[in-house]
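If you read the protein sequences in the order shown, they are chains B and F. Every number in this note's numbering is 713 more than the matching position in the first sequence, counting from 1. Every number in this note's numbering is 713 more than the matching position in the second sequence, counting from 1.
Please note that the accuracy of each hint is not assured.
In this list, chains with the same sequence are indistinguishable; a pair is considered to hold if it fits within one copy or across any two.
In the DSSO-like style, the derived pairs of lysine-lysine whose C-alpha atoms are separated by at most 30 angstroms in a straight line are [as the list claims (entries may be wrong)]: (1) Lys-1034 <-> Lys-1175; (2) Lys-855 <-> Lys-1034; (3) Lys-950 <-> Lys-1034; (4) Lys-1064 <-> Lys-1031; (5) Lys-1175 <-> Lys-1109; (6) Lys-950 <-> Lys-1031.
Everything labelled a hint here was simulated from the structure, so no lab data went into it. Every value quoted in this text rests on a predicted model; they were computed, and no experiment measured them.
2 protein chains.
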Amino acid sequence: MTALPSVLDHIDTECDAAISRLFGLLRIKSISTDPAYKADCREAAEWLVNDLNSIGFKASIRDTKGHPMVVAHHDGPAEAPHVLFYGHYDVQPVDPLELWTHDPFDPAVRESEDGHQIITGRGASDDKGQLMTFVEACRAYKAVDGTLPCKVTIFFEGEEESGSPSMQAFLEANAEELRADFALVCDTSQRDATTPAICVAMRGLVEEEVTIHAANRDLHSGIYGGAAANPIRVLAKILADMHDEDGRVTVPAFYDGVEETPSQILHSWEVLGETAESFLGPIGLSVPSGEKNRSILELVWARPTAEFNGFSGGYTGKGFKTVIPAQAFARVSFRLVHKQDPAKIRAAFRKFVEERLPEDCRVEFEQYDGSPAVQLPYDAPFLAAARSALADEWAKAPIMRAVGGSIPVVGDFKTHLGMDSLLVGFALSDDRIHSPNEKYNVASFHKGQRSWARILDALARK
Amino acid sequence: MTALPSVLDHIDTECDAAISRLFGLLRIKSISTDPAYKADCREAAEWLVNDLNSIGFKASIRDTKGHPMVVAHHDGPAEAPHVLFYGHYDVQPVDPLELWTHDPFDPAVRESEDGHQIITGRGASDDKGQLMTFVEACRAYKAVDGTLPCKVTIFFEGEEESGSPSMQAFLEANAEELRADFALVCDTSQRDATTPAICVAMRGLVEEEVTIHAANRDLHSGIYGGAAANPIRVLAKILADMHDEDGRVTVPAFYDGVEETPSQILHSWEVLGETAESFLGPIGLSVPSGEKNRSILELVWARPTAEFNGFSGGYTGKGFKTVIPAQAFARVSFRLVHKQDPAKIRAAFRKFVEERLPEDCRVEFEQYDGSPAVQLPYDAPFLAAARSALADEWAKAPIMRAVGGSIPVVGDFKTHLGMDSLLVGFALSDDRIHSPNEKYNVASFHKGQRSWARILDALARK
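Isolated chain B (complex conformation) (with noise of 0.2 angstroms):
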């Protein structure tokens, strides 16, 4: 017999005391990529340092180049696994001010236009809630039974919104303590507001840019049209090569290491009843534009990708100048999965744009970010136990789900801790995270707290 029963009883009866907790986080304008709010950001480390060694946790503030990290580490059965638990503290900027309908700062319950208790303000959803569901799980678990069932450190940052440029140097100076048996990451979204999801893949991403040098300057079409290389003919065409008609990538050896989904994980994709004119419709699209045969959810989450994120060359501005540019220039990003590797990947890239290169033009490459995709392995016990609990929790089998773009934090916890993660998180679509009037169930809220208390519980017993 374990301590759960008692634990979601004591979730259940403590829900409007942990909203007002919640409130307390919510009012510190915590906005990591304005200066101005520094001192506000540094106040909602305080206070989650307090709020944690409130409840037994040993917690701590740890200085960065940046906003400041939370590290709060509490002990466990030897028998259980160590999970570390992430979320981050700091919001979004909140403009257009005029659009919110009440102060983003000022939380509050109300109701929605759908009939939903919300709670509003920014950073309700993404993170500060949603970090406050796995806070709330652990005092209701050391309030009823004077302890966890895992060990745990919790590990909170106060720059997800700036891009984390403290994170990678502060996982290598902290390895040894951050390290623990997986991550737990609260900061997705569940499939809509009855079914729970957990994010069992992320695609990786290769960035890179491309110029095409022509001439040594830029030319009258009338003079040297028809003499001169155009290098934004060259560059649409090396473009134009890069897919073939059946939506493929060419680059050689583009899909190595792309494995085919299982066909049970395909399946409840499936029955998911995502269609390509429900998913593309609300974009004013219908056609998907990648491989043929694939279902649109296996599009965006299971296959790679190869995108053209920005092209210019010549004249831009106003009116028209027949001018031959001395150069254009590309950005085009890969969308990886699986075992597809970056480096592998930028490298055949250039090859393949240097083999298509006239004679007498050049090219020059500028590297961007690049990380591999991110694949749980289907059969983890770690996995069979979130699912079985949240299965338990919400009446449905959570889905198993992937995101398109990354979270550079799951790359960083596998690259630097070797640590896979698990990502539960119980936003919903309609949040508004980044945008004004953001909100967050106050069922989100509860059942997210009562999830994480039965993922632990489960964990503690796989």
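Knowing the structure of chain B, use the given hints to seat chain F on it.
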């Protein structure tokens, strides 16, 4: 026996006086693009009216919405042709002034670094020096013979460097007065200092802007990459499709109306010794980008092109954003030759794009300039007369060259007055027109006058 030998002698004797007169015109700051010089432009027009009246023309200023035109008439023998001579009295701005070694409006005869006598100053070559070669030839005829060998109308504009905004309306309103058997235009270059040239063709132009619209907003490539249509990819594919492996334009019916250049003309270009290396070397290139198996001069003088003059889409600022843009645009221009029809080519291009448009993308076109090519009949009698006259003066047959770009007034003369134009000019490629330290060789000015005297004589006797 014609007056020609005496006229040529007179020109030789009067050379210094002609230079002094030119200086009078060069001192006037007739910069048409800058409203600060409006009165100077009028002063230049008045200077020309006075000078033409002084040699027996009936000259007058004609006001326009912009700078005034100058029109002057002189009768000639009934059996001789009636010619319209065109030039422009306005000049380019002089900045950057600090790069001039002398005051641009204080003309002088100086010795160049390579030992030539040169007339320095803004407009010395473009176009005051050139237009005065014709005026001085007329002056010499009047001095020696009391009349001119042809009926001559002189037409000077003051807005050539500002795009000739008043030209078309003026030609329409004064068509009867300005119409002649053909025009003489003195605003082009020789092949080199010892080789005269007649420009017998100018490429036409069609300018189009094409915008591809995909999603109804910019998208995150993590979330939508592999699903949403990318307008940069769509546009790159369309542009890449526009040329085949042999450098030919693939737009259907694009080559309708394109004629093969007569082999004797091609041969006359070949003997000029221009190679891909000599033409492209100075701009840092070496391999012609146009149709295969055509000489470099044929490519730029007698073949049509499709060029990309501008392209923009997505994020082009500093850094990298993984956006899939909602739209991307390209500026496309076609240089036309012979009888290619601008309207048909514009329509064919639009159809070409529309046929390649993915189902859920949308295209928008913006129409810019369109003008047909100018191609003189190689066997026109006035051309034969001018060739023979120039060969006599230079002891070398003139080359029958083309220009890759357009000279709009030549198209306007054809469209509004039904006149062909004989383009003969004495500028050299090192005259630095539009740049600091513009100059015109004294020899250009002197032999230019003699050339026009011979051409008028030859035209009268043809």
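Verification of the supplied hints:
| no. | hint | verdict |
| --- | --- | --- |
| 1 | Lys-1034 <-> Lys-1175 | neither (69 angstroms within a copy, 42 angstroms between copies) |
| 2 | Lys-855 <-> Lys-1034 | neither (72 angstroms within a copy, 44 angstroms between copies) |
| 3 | Lys-950 <-> Lys-1034 | both (22 angstroms within a copy, 23 angstroms between copies) |
| 4 | Lys-1064 <-> Lys-1031 | between (36 angstroms within a copy, 25 angstroms between copies) |
| 5 | Lys-1175 <-> Lys-1109 | within (20 angstroms within a copy, 99 angstroms between copies) |
| 6 | Lys-950 <-> Lys-1031 | both (26 angstroms within a copy, 24 angstroms between copies) |
Violated hints, in rising order: 1, 2; the structure is consistent with all others.
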